[in-house]
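2 protein chains.
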Amino acid sequence: MPARSLDFYFDYISPYAYFSWRKIHELCDRYDIVLNAHPVVFGKLLDHWGQLGPAEVRPKKTALYKYCDRYAKLHNFEFNPPACHPYNPLPALRLSLPEVSGKDQHRVISAIFEAGWSKGADLSCRNTLAEILDNLQLDSAALLAAIEFPEIKAGLKKVTEAAISRDVFGVPTFIIEDELFWGNDQLEHIELYLQGKDPLDAERVEKMLARHRGIDRKSFVQRKSEAG
Amino acid sequence: MPARSLDFYFDYISPYAYFSWRKIHELCDRYDIVLNAHPVVFGKLLDHWGQLGPAEVRPKKTALYKYCDRYAKLHNFEFNPPACHPYNPLPALRLSLPEVSGKDQHRVISAIFEAGWSKGADLSCRNTLAEILDNLQLDSAALLAAIEFPEIKAGLKKVTEAAISRDVFGVPTFIIEDELFWGNDQLEHIELYLQGKDPLDAERVEKMLARHRGIDRKSFVQRKSEAG
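Listed in order, the protein sequences are those of chains A and B. According to the numbering used here, the residues represented by the first sequence are 145 to 372, in order. According to the numbering used here, the residues represented by the second sequence are 145 to 372, in order.
No wet-lab data here; the hints were simulated from the structure. Keep in mind that the hints are not guaranteed to be accurate.
It does not matter which identical chain is used: a pair holds within one copy or between any two.
Once the Cα atoms are required to be at most 30 Å apart in a straight line, the calculated BS3-like pairs of lysine-lysine come out as [what the hints assert, rightly or not]:
#1 Lys302 to Lys351
#2 Lys302 to Lys217
#3 Lys341 to Lys188
#4 Lys188 to Lys362
#5 Lys188 to Lys204
#6 Lys247 to Lys302
#7 Lys167 to Lys362
#8 Lys301 to Lys167
#9 Lys167 to Lys302
#10 Lys217 to Lys167
#11 Lys297 to Lys362
#12 Lys204 to Lys341
#13 Lys263 to Lys362
The following block holds chain A by itself, in its conformation from the complex (with noise of 0.2 Å):
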């Protein structure tokens, strides 16, 4: 049997992210579960659903970093968000790309979220993005020449656009077998489902789902417009 595997898609700009990829590893090994890792750049998908982030929200801004500081003490461990947020993540995102970082992609993953959302770093700083690398052993010189190859960044294009073909709207996503999970509050959900006792009646939410809309906002409906 072909070992069942896990797409993480995820950007450095969401703590969330962040939070489950705390989790995520010891989660899959427990079930023998591949782990792959999908760098997205979250901008595109807001653009693309007409969405704003939670950063753009002023109070959503705040409760957000509220929520993540006392999640942060709750789960021993120290939430200190970028210098600047937020900001440009397509390096570090580059840098995450299999293509990029290799057999390593995992620890830059690791090094990268932690600097961001532990230690306050700017991750929009190719310098302080070269002593994350430094620090991992890592040739930061040629995994940062790298970045700026037009096939490498097509390929983080290509990654979220694919990301957007499968419904991802936020992050972090995950899917199992075409099944989508969203956000760090469904891991329990998650384990479930690899445990084969997802308790979800999929027949009976399809037709839920197709029950019709009986009124719609009015920019709801302009924004529909003008998006084709």
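The hints should help you fit chain B onto chain A, whose structure is shown.
Frame of chain A, contents of chain B only:
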């Protein structure tokens, strides 16, 4: 010492508001907290903050319904969403104002929530609402007449505007002594707060929030400038 109170902001449109309503009474009872329930128009919050609702992003609605189905099964209650969704929640919300349902407010809210999210009722339909009120032995004709009064319509608007002025951006929102919590997944944090064990380092988070923005999406900047 005056009793402490918790302000609960909700719209029937949100299943998470229902889920937390199922638990918040017990929590408030346990800590001797007065529960003030405030119906608000979620669509107006979205308009104000420029955000889309979960039901306005197709794959997000799918993920949300699946999450809710699993959640309800794991918490031993029925998940059966409204006959149409989104729908016009105004009559249901107006019935839930203390000026309309008075001392029966909490019973009315419980019954409408349950009809909407556990029994698949069409909450935009006045006959359905009448039936819900009749089952509670309330004078449905009088209550449904009351929600046509201009001062009641204005009342719901006022509560929604007051919520926005307190930075409420989503439902359910809980405010205790000006501390805002958002979402059904924050009940654990609310309980710690009520116990005087809030792990939050508020001053430090203030400073984190003052860190500058490094980059903004084009569509975010546009929307902000349109909003003046």
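Results for each hint:
{"no.": "1", "hint": "Lys302 to Lys351", "verdict": "neither (33 Å within a copy, 37 Å between copies)"}
{"no.": "2", "hint": "Lys302 to Lys217", "verdict": "neither (37 Å within a copy, 37 Å between copies)"}
{"no.": "3", "hint": "Lys341 to Lys188", "verdict": "neither (34 Å within a copy, 39 Å between copies)"}
{"no.": "4", "hint": "Lys188 to Lys362", "verdict": "both (24 Å within a copy, 11 Å between copies)"}
{"no.": "5", "hint": "Lys188 to Lys204", "verdict": "both (20 Å within a copy, 16 Å between copies)"}
{"no.": "6", "hint": "Lys247 to Lys302", "verdict": "within (20 Å within a copy, 58 Å between copies)"}
{"no.": "7", "hint": "Lys167 to Lys362", "verdict": "neither (41 Å within a copy, 34 Å between copies)"}
{"no.": "8", "hint": "Lys301 to Lys167", "verdict": "within (27 Å within a copy, 43 Å between copies)"}
{"no.": "9", "hint": "Lys167 to Lys302", "verdict": "within (27 Å within a copy, 44 Å between copies)"}
{"no.": "10", "hint": "Lys217 to Lys167", "verdict": "both (16 Å within a copy, 24 Å between copies)"}
{"no.": "11", "hint": "Lys297 to Lys362", "verdict": "between (37 Å within a copy, 20 Å between copies)"}
{"no.": "12", "hint": "Lys204 to Lys341", "verdict": "between (34 Å within a copy, 23 Å between copies)"}
{"no.": "13", "hint": "Lys263 to Lys362", "verdict": "between (43 Å within a copy, 28 Å between copies)"}
The structure does not agree with the numbered hints 1, 2, 3 and 7 stated previously, though it agrees with the rest.
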